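There are 2 protein chains.
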Amino acid sequence: MAPSVIESMQAFWSTHFMLPSQSHVHASAVSEAIETARENVSMLLGCDPFEVVFTSGGTEANNLGVLGAAMICHAGSDPRDHAPGFPCSSHVPPPHALVSEVEDESVIAAAKHLQLLGWRVDWVPCDSQGVVSVEAFASRFEPTTRLACLQLANPVVGTIQPIRELADRSHSRGIRIHCDATAAVGRVPVDVRELRVDTLSVSAHRFYGPKGSGALFVRRGLDMNPISFGESREMGLRAGSENVPGIVGLGAAAAMTARCVDEAQATLQELCERLVEGLRATLDSRIEVLAEHVARLPNTVAIELATEAKRIQRTARQIVVAAAQSKSPPDEITRVLRAIGKSEQQIGCTLRFSVGWTTSREQIDRAVDLVADACEYASRA
Amino acid sequence: MAPSVIESMQAFWSTHFMLPSQSHVHASAVSEAIETARENVSMLLGCDPFEVVFTSGGTEANNLGVLGAAMICHAGSDPRDHAPGFPCSSHVPPPHALVSEVEDESVIAAAKHLQLLGWRVDWVPCDSQGVVSVEAFASRFEPTTRLACLQLANPVVGTIQPIRELADRSHSRGIRIHCDATAAVGRVPVDVRELRVDTLSVSAHRFYGPKGSGALFVRRGLDMNPISFGESREMGLRAGSENVPGIVGLGAAAAMTARCVDEAQATLQELCERLVEGLRATLDSRIEVLAEHVARLPNTVAIELATEAKRIQRTARQIVVAAAQSKSPPDEITRVLRAIGKSEQQIGCTLRFSVGWTTSREQIDRAVDLVADACEYASRA
Chain S
1 MAPSVIESMQ AFWSTHFMLP SQSHVHASAV SEAIETAREN VSMLLGCDPF
51 EVVFTSGGTE ANNLGVLGAA MICHAGSDPR DHAPGFPCSS HVPPPHALVS
101 EVEDESVIAA AKHLQLLGWR VDWVPCDSQG VVSVEAFASR FEPTTRLACL
151 QLANPVVGTI QPIRELADRS HSRGIRIHCD ATAAVGRVPV DVRELRVDTL
201 SVSAHRFYGP KGSGALFVRR GLDMNPISFG ESREMGLRAG SENVPGIVGL
251 GAAAAMTARC VDEAQATLQE LCERLVEGLR ATLDSRIEVL AEHVARLPNT
301 VAIELATEAK RIQRTARQIV VAAAQSKSPP DEITRVLRAI GKSEQQIGCT
351 LRFSVGWTTS REQIDRAVDL VADACEYASR A
Chain E
1 MAPSVIESMQ AFWSTHFMLP SQSHVHASAV SEAIETAREN VSMLLGCDPF
51 EVVFTSGGTE ANNLGVLGAA MICHAGSDPR DHAPGFPCSS HVPPPHALVS
101 EVEDESVIAA AKHLQLLGWR VDWVPCDSQG VVSVEAFASR FEPTTRLACL
151 QLANPVVGTI QPIRELADRS HSRGIRIHCD ATAAVGRVPV DVRELRVDTL
201 SVSAHRFYGP KGSGALFVRR GLDMNPISFG ESREMGLRAG SENVPGIVGL
251 GAAAAMTARC VDEAQATLQE LCERLVEGLR ATLDSRIEVL AEHVARLPNT
301 VAIELATEAK RIQRTARQIV VAAAQSKSPP DEITRVLRAI GKSEQQIGCT
351 LRFSVGWTTS REQIDRAVDL VADACEYASR A
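Protein sequences appear in the order of chains S and E. Numbered per full-length UniProt numbering, the first sequence spans residues 1 to 381. Numbered per full-length UniProt numbering, the second sequence spans residues 1 to 381.
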């Protein structure tokens, strides 16, 4: 977390312990802080404040973006017709959703829940660069298609997806777009009007905010049903007492990100390039950068090496680097790398690196040395 | 929040920023901190650590306790039979739930969602003291009853409910008990084995822990389905990256509460009695303590005065005191006071006071003076 974000939250642990709904002179300060945070998030995303719904994190935001599309039908007389998202007797065939197969598990699992609620879901494949093309979606459009889910950027290989183009093709058919932007915010500028999405999720801890805090952009006028139940908060889309410090911290992180993301993008890009060049020089070119030929996040690079990735992880534990851990059920890295056509052997040799705003060139050089040493150690063992 | 709780969380905002699933020397410290918190909560509640599921707060815990009882049925061939909690074709009539009418809105609204999923729900009334009797439940038992929801204590009038007796009568019929203990923890000792409940919810910020953090006790072996979707965490019952500082803070609050609750109970009781005696002495007995003749929480007292409660709130804004705010839809106070048989006029004259571990006798005396002054001001105006 950014120190300024931690600092912004402090008063809301103690002095401003009230809830905004309480009757007290100090409660209005809490309300104001929440609305300031909402404005900060709206400025980061280019939307209106009342289009920002605070959640307990990226998972809840993605769940709400997907399952919130499943309307409760009050028309039928059969009680079974009242299940959320369940097709009314008069709505045959059932609604249809298209979901890219390289989505985060919180989107995939929510879409599987849509299936349990009676929806049909088709999974849309990507190409070898991780791109889920507009054509791959459009060729699967049906008259009953209501929802298309595509991430802004893939968190494993970094591929930036053609969201705006998908939205242009979808809206004319009455298909709404849910966009998981949790991997993109803080790394590239994100503007929901430019992207023309209907819902878009963010996760505070992905851009130096607190864990347990996130938000969903919900386009003005969009039909949504809540997925949590209780006293209505957040424009009727969420229940539960506000996590005031979490919201304030998210707002502070959003304000900081809005100010700094352009500069950060260039810095992150340079660091990632330095990492790749360093590894190429040290490892004698025995590396392959995945999704090398398309637009990628500036901070994320997945690299295939000649060495088993888990061995590098074990040897170079001073750096945090991700590798596939589980084939069955496949973890996120396995799932995405299979989708771009990698063999199990290639998947086992791939490491995902990511750099942050505070990463230094010295740390990059040290990481290169550690990985090179680990590779050499592995080749000798 | 307790200063020691704030302190316990600090390192997890910065140094220990990892997630427990990450590969790094520091990630194991995070895993250990989460498991320590789980042990602390389990010791507070008298259960095993693996029976504790961390949530984003009391609302999610109550939602999971209620909706987690709605099993996904895989037996049917009709896709509509796969909706969670929805009765399979072979399960006619549908499952039945009993829910006390003085539950928190997060239980009531979740039960209404059960109805949308095809369940039948009956609402169980309370008596004039706020007690929902075992007989009121038992007289509504049906062969299809699967779930009974009763709070441990009512947050408005403080009434402690006959949970253990209800559990004894219910379990022999295969009915599970969900108990909302969010108003009770920190005020009275809570032991899930003694209460014999199946699920029990707690909210960290109700006992000096952080907002945005809670837990659900789920009895070992109980069939449950998750209500959030993504990479499986928390024994498969929750998705989403762990809110590590929130969990650590909840654990610290639980440890403190386990140590101090017996002593706190006596202190809170004395403060509440002092408040009632002070108001009786100053206001010349024109007050009625609600639920006066039954076991109550030591920290909560609802008092009916001769003056409009909202006017007292407005005049005495230095104290935080709750009054009914909305008749339609009725807020929690209105709902509970109607349920115990109060008229709209009586509801409008009722204030709910609650005291805490750090409340002093001087503050009680000052509150008495402020309320008395406000009453006098109102009578003159």
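Keep in mind that the hints are not guaranteed to be accurate.
Identical copies go unnamed one by one, so any copy, or any two together, can satisfy a pair.
Under the rule of at most 25 Å between Cα atoms (straight-line distance), these lysine to any residue pairs were calculated in the SDA-like manner [as the list claims (entries may be wrong)]: (1) Lys327 / Arg140; (2) Lys112 / Asp223; (3) Lys310 / Arg233; (4) Lys112 / Asn225; (5) Lys112 / Ser31; (6) Lys112 / Leu222; (7) Lys327 / Leu19; (8) Lys112 / Leu237.
Hints were generated in silico from the structure; no laboratory data involved. Computed from a predicted model, the values in this text were never measured in an experiment.
Enumerated hints in conflict with the structure, sorted upward: Violated hints: 1 and 5; rest satisfied.
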